[in-house]
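Enquirer: Single-letter residue listing:
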Amino acid sequence: MSGTFRIGISDDFYTEASEPLQYVLAKKLAGVAGVEWEKLETGGGRCASAELLRGYDAVFALATKIDAESLREVERLAVVARWGVGYDRIDVPALTRAGVALTITPAAVRRPVAEAILTLIFALSKNLLQQDRVARAGGWRGDLPRMGTSIGGRTLGSVGCGNIGQELFREARSLGFGRFLACDPNVSQEKVRELGVEMVDMETLFRESDFVTVNTLLNERTRGLVREAHFRLMKPSAYFINTARGPVVEHEGLVRALRENWIAGAGIDVYPVEPPPADDPLFRMDNVIVAPHALAWTNELMTDNGSEACDAVLAVCRGEVPEGLVNPEVLNVEAFQTKLARRRG
Amino acid sequence: MRVVAVPDDSPAVLGLSPSLARLRAEASVRYHDTLPGTADVLAERLRDAVAVVNIRSSTNLTREVLSHCPALKLVSIWGTGTDHVDLEAARELGIRVTNTPAVAAPSIAEHALALMLAVARRVPLLDRRVRAGEWPRGGMVQLQGKTLGVIGLGEIGRRFARLGEAIGMHVVTWTMHPKPELGFAHVALEELLAQSDVVSLHLRLSEQTRGFLDEARLRTMKPGAILVNTARGPLVDEPALLKALGEGRLAGAGLDVFDVEPLPVGHPLTAMENVVLSPHSAGITPEALEAGLAMAVDNVLAFFEGKARHVVA
Chain A
3 MSGTFRIGIS DDFYTEASEP LQYVLAKKLA GVAGVEWEKL ETGGGRCASA ELLRGYDAVF
63 ALATKIDAES LREVERLAVV ARWGVGYDRI DVPALTRAGV ALTITPAAVR RPVAEAILTL
123 IFALSKNLLQ QDRVARAGGW RGDLPRMGTS IGGRTLGSVG CGNIGQELFR EARSLGFGRF
183 LACDPNVSQE KVRELGVEMV DMETLFRESD FVTVNTLLNE RTRGLVREAH FRLMKPSAYF
243 INTARGPVVE HEGLVRALRE NWIAGAGIDV YPVEPPPADD PLFRMDNVIV APHALAWTNE
303 LMTDNGSEAC DAVLAVCRGE VPEGLVNPEV LNVEAFQTKL ARRRG
Chain B
8 MRVVAVPDDS PAVLGLSPSL ARLRAEASVR YHDTLPGTAD VLAERLRDAV AVVNIRSSTN
68 LTREVLSHCP ALKLVSIWGT GTDHVDLEAA RELGIRVTNT PAVAAPSIAE HALALMLAVA
128 RRVPLLDRRV RAGEWPRGGM VQLQGKTLGV IGLGEIGRRF ARLGEAIGMH VVTWTMHPKP
188 ELGFAHVALE ELLAQSDVVS LHLRLSEQTR GFLDEARLRT MKPGAILVNT ARGPLVDEPA
248 LLKALGEGRL AGAGLDVFDV EPLPVGHPLT AMENVVLSPH SAGITPEALE AGLAMAVDNV
308 LAFFEGKARH VVA
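Protein sequence lines correspond, in order, to chains A and B.
By this note's numbering, the letter at position 317 of the first sequence is numbered 319, and the numbering carries on one by one without gaps.
By this note's numbering, the letter at position 86 of the second sequence is numbered 93, and the numbering carries on one by one without gaps.
No lab work stands behind these hints: they were computed from the structure.
Hints are supplied without guarantee of correctness; some may be wrong.
[Claimed, not checked] Label-pair ranges, simulated between beta-carbon atoms: (1) A:Gly154 x B:Arg138: 26 to 34 Å; (2) B:Thr277 x A:Tyr25: 48 to 56 Å; (3) A:Glu43 x B:Gly146: 21 to 29 Å; (4) B:Ala201 x A:Asp288: 38 to 46 Å; (5) A:Pro95 x B:Thr277: 52 to 60 Å.
If you're wondering where the values come from, they're calculated on a predicted model, not measured in any experiment.
Built from N, CA and C at the ideal position, the CB exists for glycine as well.
Required output: the full structure, derived from the provided sequences and hints.
Expert: Structure follows, in structure tokens:
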């Protein structure tokens, strides 16, 4: 190994996830020879500047934005390690051109997110928030506008059937659902047969599911993927759940579907803009559960994210190809090859 | 055709169910969607019926009423409670009484899971805060990999234990009558309380179990644990539970049942942020109601075939 390996940690970690960050640094990086780290002052998760990034071999990114301008004349940087699986705030082609690897943490994320989705499914099905409100206000079950319903035999659908979608189906397998549906252009029927998932087109999924969940990345193909017309296909008794990314869904269409009772309700953890404006119509609706893009933020999620991100960074530090690589094409970029070779010293 | 009376389907449930048509296919049904009101009207509605499907517990099937029904051979109760039927008189008069046990078990087990998940992820609290313009972070509890202690392994307890396993929890159980054939790890009660991240009660309420989770036992629970109770309120020492929640010894509770129901206005639980409450509604789903109606009708049909089921007297 040659030279000190410097890791920049985007400053939003210190406000949003300080405790797990300190835990992970102590557990995974403290005492590793030649590794140093320091806070990267981006100004609260804003776009990282090239001046900042030039001084590091690796960067831990939470919500930090990195675009082509951030990488201008950045030569030392070898890896951006995101804690999490979404990378919509990062310009991947620009990273690749600059010879920088991007890694994510799929193993850490899938179970906490799948459990968050199940939490919303069961809370919606049992009308739990209205039950809680009625009980707190001195009412009783006769005051409930709607009773809970049973999960037994219902159809669970997932838009996207990758890391998280498959984990959701795996955990849901013994919960009594009757049928699993998914749509995903990248996943074959053969790949998910064993999970009992039927791959269908998106229209069929919306038409036949009792719970439609969104488990896709946000990219140019998925932006606005779920539109008003899809909500029109849903059963009036069905629920819509989005814990992935707000812009995957046409928000006005969702609002209209809920307001006009095309669907029974929704569980929403993500929004077109975060934090959402105070006048988001969802906040005035009884048939919606809202959460602050944090439903999956268990302590385990953050520490597992951190461990997985550290493993990726340490692999690069040793001159090895990291796990969780988003842009494998970087392996063919000479600048990246040179950085790895230099680490192998 | 044999005469079956339905004297009290008000507000109508059987009348809206496909189960009524199944009954009509096998018997001449005297169906009433009003309450009888008086014993005389009730006796009139039951006159010459061989069986009665009893929908409401306000319908008192007293010795007097039963003895005015010489043809009556079966009372099929929709529900589990039998307080409104004179079982001794029924026995003496040669009348069988059946009920519909455990039909709500799947719904109640699911409700317990919903409460456990909602407490772990603070769902009602987050919802209130986001609506109020806040954007709170962190502090969620992950259940996968944690230990679930299930107390009582009747129909509901064992179903809930399976749901816990499905989401990746390590399940330990304690029951008064161990059932090794179910395949769950059975541990001593002290052990269960000390090691479980979530404790869920599925016991019957009796003089033996009243106050089961008392102050001393609550104190032996793992710090930061969650309590789920969908069984009966008086199984738990409620003031001691309030104290444990208030002091943060327990992280939270999901409760469908209480000492006093309906929960009185201004009860301390109603102001607590770390609890999720529901109005003793876990078993009331359309699916559970229909399963019960179907069983009440099946009990009549089985009796006609000489194979009485779910007999209580």
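Enquirer: Could you check the structure against the hints above and give me the numbers of any it violates, in ascending order?
Expert: When the structure is compared with the hints, only number 2 turns out to be violated.
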